[in-house]
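S.K.: Let the hints inform the model, and build the full structure from the sequences given.
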Amino acid sequence: AQKVTQAQTEISVVEKEDVTLDCVYETRDTTYYLFWYKQPPSGELVFLIRRNSFDEQNEISGRYSWNFQKSTSSFNFTITASQVVDSAVYFCALSGGGSNYKLTFGKGTLLTVNP
Amino acid sequence: GAVVSQHPSWVICKSGTSVKIECRSLDFQATTMFWYRQFPKQSLMLMATSNEGSKATYEQGVEKDKFLINHASLTLSTLTVTSAHPEDSSFYICSARGGTAVYSNQPQHFGDGTRLSIL
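Chains as they are written, first to last, in this note's numbering: chain F, 1 to 115; chain V, 1 to 119.
None of these hints come from the bench; they were simulated from the model.
Since we're looking at a predicted model, the values are computed, not measured.
Glycine residues also receive a C-beta, built at the ideal position from the N, C-alpha and C atoms.
There could be a bad hint or two in this list.
[Stated by the list, open to error] To give an idea of the interface, some chain F residues facing chain V are shown, with a C-beta separation under 7 Å as derived from the structure:
#, residue
1, A1
2, E44
3, L45
4, R50
5, F105
6, K107
7, G108
[As the list claims (entries may be wrong)] Heads up, simulated DSS-like pairs for lysine-lysine below, C-alpha to C-alpha not over 25 Å straight-line:
#, chain 1, residue 1, chain 2, residue 2
8, V, K66, V, K55
9, F, K38, F, K107
10, F, K70, F, K102
11, F, K102, V, K64
12, F, K70, F, K16
13, V, K64, F, K38
14, V, K66, V, K14
15, F, K16, V, K64
16, V, K14, F, K102
17, V, K14, V, K55
18, V, K20, V, K66
19, F, K102, V, K20
20, F, K107, V, K41
21, V, K55, F, K102
22, F, K3, V, K41
M.R.: In structure tokens:
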């Protein structure tokens, strides 16, 4: 069975602070994919990143960076110099390899960035 | 690229009405589409997986006769909530995944969701 744990239910920061959202996953698959999605108050899900299990390189995209560590089954997401527009619920998700490509979502972390 | 359109974005209707929600992939062919339900302040729960031209696969606990899913083409899937009741009120989100194989590892791209309110 697959499981995604986002232990932080809510995080509140002040603009320009850096913030890290934690994600820990469980899977028995050797090939799997990890995702981060952003859900702003308007409700749509915005795809941020996909990482496969064989690629442990960290990734940076503008103010966003992701740290994937297989040894600790974690795929953490850091926003540098946060902005009010970053306020949203962020979901970490996992899909397996083989015939199981269904997404398993974590419970989400509500990030509030205050001016 | 990879745009998914979901319509309508908001529905308010009376109890007993059937409601149809459309999910379209605008710039790619979606071999597989997924339907999720999200209650306020909760995560997305997968309801069913639909592959073009075949019957949908429903998750445990989801009533097939209540939530009818059709995926008649590579760009369109529909979810019909039959005889809706207030407890069916929720946020429904579809996603679409491309690729040539049923078990594609392409990422899912999500529609904007439909807020369904049953009075």
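S.K.: Hint by hint, say whether it matches the structure.
M.R.: Checked hints:
Nearest Cβ of chain V to the Cβ of A1/F: about 13 Å, over the 7 Å cut. The hint is violated. The beta carbon of E44/F is positioned within 7 Å of a beta carbon in chain V (closest approach about 4 Å), and the interface hint is therefore held. For L45/F, the shortest C-beta to C-beta distance to chain V is roughly 4 Å, which falls under 7 Å, so the interface hint holds. Annotation: interface hint on R50/F holds; nearest CB of chain V at approximately 5 Å, less than 7 Å.
The closest approach between the C-beta of F105/F and any C-beta of chain V is roughly 5 Å, which is under the 7 Å cut-off, so the hint is satisfied. A cut of 7 Å between beta carbons decides the hint on K107/F: the least distance to chain V is about 5 Å, and the hint holds. Taking 7 Å as the C-beta contact cut-off toward chain V, the hint placing G108/F at the interface holds, the least distance being around 5 Å. For the hint pairing K66/V with K55/V, the CA-to-CA distance comes to about 15 Å; that is within 25 Å, so the pair holds.
This hinted pair checks out: K38/F and K107/F have alpha carbons roughly 12 Å apart, not beyond 25 Å. Distance hint between K70/F and K102/F is fulfilled; the C-alpha atoms sit about 20 Å from each other, no more than 25 Å. Between K102/F and K64/V, the direct Cα distance comes to roughly 19 Å. Compliance with the 25 Å bound is thereby established for this hinted pair. This hinted pair does not check out: K70/F and K16/F have alpha carbons roughly 30 Å apart, beyond 25 Å.
For the given pair, K64/V sits about 30 Å from K38/F by alpha-carbon distance, which is inconsistent with the 25 Å threshold. Taking the CA atoms of K66/V and K14/V, the gap is near 16 Å; set against the 25 Å cutoff, the hint holds. At roughly 48 Å between alpha-carbon atoms, K16/F and K64/V are farther apart than 25 Å, so this suggested pair is violated. For the proposed pair K14/V and K102/F, the alpha carbon gap of about 33 Å is over 25 Å, so the pair is violated.
For the hint linking K14/V to K55/V, the alpha-carbon distance of about 29 Å lies beyond 25 Å, and the restraint is violated. The hinted pair formed by K20/V and K66/V meets the criterion: a straight-line CA distance of about 12 Å does not exceed 25 Å. The suggested pairing of K102/F with K20/V holds, with an alpha-carbon distance near 24 Å, which does not exceed 25 Å. Restraint check for K107/F and K41/V: the C-alpha separation of about 9 Å stays at or below 25 Å, so the hint holds.
Using a Cα cut-off of 25 Å, the hinted pair K55/V and K102/F holds, with the two alpha carbons roughly 16 Å apart. Note on K3/F and K41/V: the hinted pairing holds, with a Cα-Cα distance of about 19 Å set against a maximum of 25 Å.
Violated hints, listed in ascending order, are 1, 12, 13, 15, 16, 17; each of the other numbered hints is respected by the structure.
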